[in-house]
Structures are given as C-alpha cells and as structure tokens.
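Q: Chains A and B are the protein sequences, given in the same order. Take the first sequence: its position 70, counted from the start at 1, is 70 in this note's numbering, and no numbers get skipped. Take the second sequence: its position 2, counted from the start at 1, is 2 in this note's numbering, and no numbers get skipped.
Hint data in this document are derived by calculation from the structure and do not stem from the laboratory. The structure presented is a predicted model; accordingly, all values stated were derived computationally and were not measured. Be aware that one or more of the hints could be misleading.
If chains are identical, the list can't say which one is meant, so a pair holds when it fits in one copy or spans any two.
Said to hold, decoys possible - For lysine to aspartate or glutamate, the following EDC-like pairs were computed, each having C-alpha atoms within a straight-line distance of at most 16 Å:
no. : residue 1 : residue 2
1   : Lys172    : Glu157
2   : Lys135    : Glu46
3   : Lys154    : Glu110
4   : Lys6      : Glu110
5   : Lys101    : Asp67
6   : Lys7      : Glu118
7   : Lys101    : Glu33
8   : Lys172    : Glu33
9   : Lys2      : Glu46
10  : Lys146    : Glu33
11  : Lys101    : Asp8
12  : Lys100    : Glu33
13  : Lys132    : Asp13
14  : Lys132    : Glu143
Protein chains: 2
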Amino acid sequence: MKKFKKKDYPVSDVRRFLEPGPTVLVSSAYKGEQNIMTMGWHTILEFTPSLIGCMITSANYSFGLIDKSGECVINIPTRDISKTVVSIGNCSGADTDKFKKFRLTAQQAEKVKAPLIEECFANFECRIHDRKLIKTYNFFIFEVVKAHVAPSPKYPETIHYRGNSIFMVSGKNIRLPSGK
Amino acid sequence: MKKFKKKDYPVSDVRRFLEPGPTVLVSSAYKGEQNIMTMGWHTILEFTPSLIGCMITSANYSFGLIDKSGECVINIPTRDISKTVVSIGNCSGADTDKFKKFRLTAQQAEKVKAPLIEECFANFECRIHDRKLIKTYNFFIFEVVKAHVAPSPKYPETIHYRGNSIFMVSGKNIRLPSGK
Numbered sequence: 001m002k003k004f005k006k007k008d009y010p011v012s013d014v015r016r017f018l019e020p021g022p023t024v025l026v027s028s029a030y031k032g033e034q035n036i037m038t039m040g041w042h043t044i045l046e047f048t049p050s051l052i053g054c055m056i057t058s059a060n061y062s063f064g065l066i067d068k069s070g071e072c073v074i075n076i077p078t079r080d081i082s083k084t085v086v087s088i089g090n091c092s093g094a095d096t097d098k099f100k101k102f103r104l105t106a107q108q109a110e111k112v113k114a115p116l117i118e119e120c121f122a123n124f125e126c127r128i129h130d131r132k133l134i135k136t137y138n139f140f141i142f143e144v145v146k147a148h149v150a151p152s153p154k155y156p157e158t159i160h161y162r163g164n165s166i167f168m169v170s171g172k173n174i175r176l177p178s179g180k
Numbered sequence: 001m002k003k004f005k006k007k008d009y010p011v012s013d014v015r016r017f018l019e020p021g022p023t024v025l026v027s028s029a030y031k032g033e034q035n036i037m038t039m040g041w042h043t044i045l046e047f048t049p050s051l052i053g054c055m056i057t058s059a060n061y062s063f064g065l066i067d068k069s070g071e072c073v074i075n076i077p078t079r080d081i082s083k084t085v086v087s088i089g090n091c092s093g094a095d096t097d098k099f100k101k102f103r104l105t106a107q108q109a110e111k112v113k114a115p116l117i118e119e120c121f122a123n124f125e126c127r128i129h130d131r132k133l134i135k136t137y138n139f140f141i142f143e144v145v146k147a148h149v150a151p152s153p154k155y156p157e158t159i160h161y162r163g164n165s166i167f168m169v170s171g172k173n174i175r176l177p178s179g180k
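Construct all of the structure, not just a fragment, from the sequences and the given hints.
A: In structure tokens form, the structure reads like this:
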C-alpha cells in the first residue's frame with residue numbers, strides 16, 4: 001500500500017477535505033491500546049477554532065478509547081484502499097489489532113497520542129472540544145489541533161458512502177464563483 | 001429548469017442522499033416570509049428517529065426563520081442547477097425574494113410550513129428536535145418528519161463543496177460489501 005508524505009496544513013482549511021463528505025478512518029489510542037474505525041457521519045462546525053462534529057456509536061470499540069483519552073486522529077483514505085476501509089468497518093477492535101491485520105502503519109502524531117495512519121493522504125489530529133452531546137447523541141465535537149496533508153495529488157479520489165454497500169467515488173471538479 | 005416528480009421515501013433512509021456530503025438548499029418560512037439558503041455543513045446523526053445535524057450561521061437571514069418557526073426543508077439539488085445553488089449562497093433573503101429571483105417553485109409541504117423546492121430531486125421536511133447547541137455553535141438538530149425523493153434517476157449528480165469556489169461533482173458508484 002502506498003504511503004503518503006505529508007506537509008503541515010492550516011487547521012482552519014480542513015473543510016476542503018471534509019466538507020465534500022468522504023468516508024474517513026478514525027484512529028485512537030488509550031493506555032497502550034490502539035484502534036481504527038470507519039466513519040461517515042461528520043460535519044465541519046467552525047473554521048477557527050477548527051471544529052468538527054462526529055457521530056461515533058458507543059457500540060464501537062473506539063468509542064471508549066476516544067472518550068477516555070479525549071483524542072483521536074481523523075484520516076482520509078483514497079479509493080485505492082477502499083476495500084480495507086470497508087473491512088475495518090466490518091470488524092471490531094475488541095478482538096482485532098486492526099493496524100496489524102490490515103498492514104497499516106501507525107505513525108506518531110505531534111500533539112495527540114492517537115496514531116496517524118501513514119497510508120492515508122491526510123491526517124487531522126483532534127482533541128475533544130465539547131462533551132455536551134456525547135451522552136445523548138454519541139456526538140463528539142473535536143478541535144483539529146494539527147493537520148498533515150500530502151501536497152500531491154491535489155484532489156485524491158475519495159469514497160463517499162451511500163448505504164447498502166454502495167460508495168460514490170469523487171468525480172471531477174468544477175469552478176463556480178463562490179463567496180467563501 | 002427541470003421539475004422532479006417525487007414519491008414518498010422512508011425517513012430512516014435519507015442517509016443515502018446526505019451521507020455522501022452534497023451541498024444542499026435549505027428552505028424556510030415564517031409569518032408569510034420565505035427564504036432559501038445554501039448549506040454544506042451537515043451530518044446524519046441517527047436513523048430512527050431520523051436526525052440530521054446542521055450548522056446554520058446566525059448571520060444568515062434563514063437562521064431567524066428556522067429558529068422561530070422550528071422548521072425547514074432540506075432540498076438536494078443536482079448539478080444542472082449548480083450555478084443557481086451558488087448564486088443563492090451569494091445573496092441574502094434580507095433584501096431578495098430568492099424563489100422569485102431564481103425562478104424556483106415553492107411547493108406546499110405536508111408536515112411543515114416551509115416550502116419544498118420542486119426543482120430539487122429530494123426534499124426532506126424537518127422539525128427542530130434539539131435546540132441545545134444552537135446558541136453555542138449555531139448547530140441545529142432536526143428530525144426528518146417526511147421525505148420525498150424522485151425515483152429516477154437513481155443516482156443524480158450532486159455537487160460537493162471543497163471551498164475556494166471549487167465543487168466536486170459526484171462520480172461513479174462502486175459496490176463494496178458492507179455491514180450497514
């Protein structure tokens with residue numbers, strides 16, 4: 001699997017990669033354990049501070065690691081590893097070392113203990129910013145405290161889940177004069 | 001502009017259209033006024049009840065109409081009307097009748113007073129479900145109380161905002177065996 005060489009990226013600009021709605025991989029760590037989960041329910045909430053809201057079901061093994069450590073990394077995979085992304089979502093960290101099983105490389109992050117996934121083209125280091133909706137909706141509000149993005153390709157192919165085992169692959173780009 | 005003939009759609013399945021991350025149009029009404037805004041910051045939160053979280057800046061004229069009426073309609077536009085979608089985002093309902101200016105058809109909804117936009121292929125009637133994060137984050141949690149979707153085409157081309165005036169157009173679909 002291809003590893004991406006990344007550069008520092010402004011945290012206030014992560015919307016460029018998340019707003020289009022890709023399926024992402026969330027990595028987490030707590031007391032020597034680490035895990036990865038597949039996630040599709042997320043939204044940008046603010047540019048500065050750089051806030052992201054994510055629905056992470058408490059049934060996920062990652063829920064506990066993220067809740068207790070207060071941290072995670074949001075990694076954006078490309079279409080090349082889409083089968084791996086789906087397989088990660090179909091097994092549990094309770095009985096599987098997913099980094100080992102799927103031969104993914106856990107790279108040390110800068111500001112959090114959760115690992116970056118080197119085979120993803122972007123990694124956003126996150127800390128929990130607001131816990132208010134975790135109990136009611138399993139909804140975490142994270143602040144992106146550090147962002148790493150591969151400078152090339154500029155627009156990697158991402159996958160976007162439609163449900164029922166169907167993913168939309170990101171298509172071409174069009175320019176339309178817009179305010180923001 | 002093409003009008004879409006729609007059928008009733010299960011509210012628990014609206015994720016099929018929203019989870020891929022399209023830019024949507026939010027229509028609202030309050031005391032005889034109505035408006036449309038362009039929105040890209042949304043996420044599915046739950047299947048049943050059918051919950052959607054949306055960030056709607058208080059600077060938007062629509063914010064007041066939605067906040068006071070407690071309702072809105074989330075409409076999904078196709079690429080055909082992408083220029084209109086962007087133009088709607090670049091002007092304000094404070095001084096513009098957007099239905100008139102952009103020649104869109106306001107159709108009566110079934111369960112809310114906010115109008116459906118007939119030129120969009122899907123319309124989701126929403127009521128505010130939880131106001132807890134409106135003040136802090138301008139984050140509305142809506143329940144979809146009625147959904148209308150055009151049965152054809154099955155996968156209309158949608159637009160997905162990358163920031164900086166660039167939109168990604170939804171590409172082809174791939175099937176990957178997935179749990180949900």
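Q: Next step is simple, just say for each hint if it's right about the structure.
A: A quick look at each hint next to the structure:
Both within a single protomer and between protomers do Lys172 and Glu157 lie at most 16 Å apart by alpha-carbon distance, with minima of 9 Å and 11 Å respectively. Within a single copy, Lys135 and Glu46 get their C-alpha atoms only as close as 22 Å, which misses the 16 Å cut-off; across copies the closest is 14 Å, which meets it. Taking the shortest alpha-carbon separations for Lys154 and Glu110, neither the intra-copy value of 23 Å nor the inter-copy value of 44 Å comes in at or below 16 Å. In this assembly of identical chains, Lys6 and Glu110 lie within 16 Å of each other by CA distance solely inside one copy; the values are 13 Å within and 50 Å between copies.
Taking CA atoms no more than 16 Å apart as the test, Lys101 paired with Asp67 passes in neither setting, with 24 Å inside one copy and 48 Å between copies. In this homomeric assembly, Lys7 and Glu118 come within 16 Å of each other (Cα to Cα) only inside a single copy, at 12 Å, whereas the closest approach across copies is 45 Å. Taking the shortest Cα distances, Lys101 and Glu33 sit within 16 Å of each other inside one copy (15 Å), while across copies they are farther apart (57 Å). Proximity of Lys172 to Glu33 under the C-alpha cut-off of 16 Å is found in neither arrangement, the shortest distances being 39 Å within a copy and 37 Å between copies.
For the homomeric pair Lys2 and Glu46, neither the shortest alpha-carbon distance inside one copy (32 Å) nor that between copies (34 Å) is at most 16 Å. Taking identical chains as interchangeable, the C-alpha atoms of Lys146 and Glu33 are never at most 16 Å apart, the minima being 22 Å within one chain and 43 Å between chains. Neither within a single protomer nor between protomers do Lys101 and Asp8 lie at most 16 Å apart by alpha-carbon distance, with minima of 29 Å and 43 Å respectively. Taking the shortest alpha-carbon separations for Lys100 and Glu33, only the intra-copy value of 12 Å comes in at or below 16 Å, while the best inter-copy value is 58 Å.
For a Cα distance limit of 16 Å, the shortest separation of Lys132 from Asp13 qualifies neither inside one copy, at 25 Å, nor across copies, at 27 Å. In this assembly of identical chains, Lys132 and Glu143 lie within 16 Å of each other by CA distance solely inside one copy; the values are 14 Å within and 19 Å between copies.
Comparing the model with each earlier hint shows violations of hints 3, 5, 8, 9, 10, 11 and 13; every other hint is respected.
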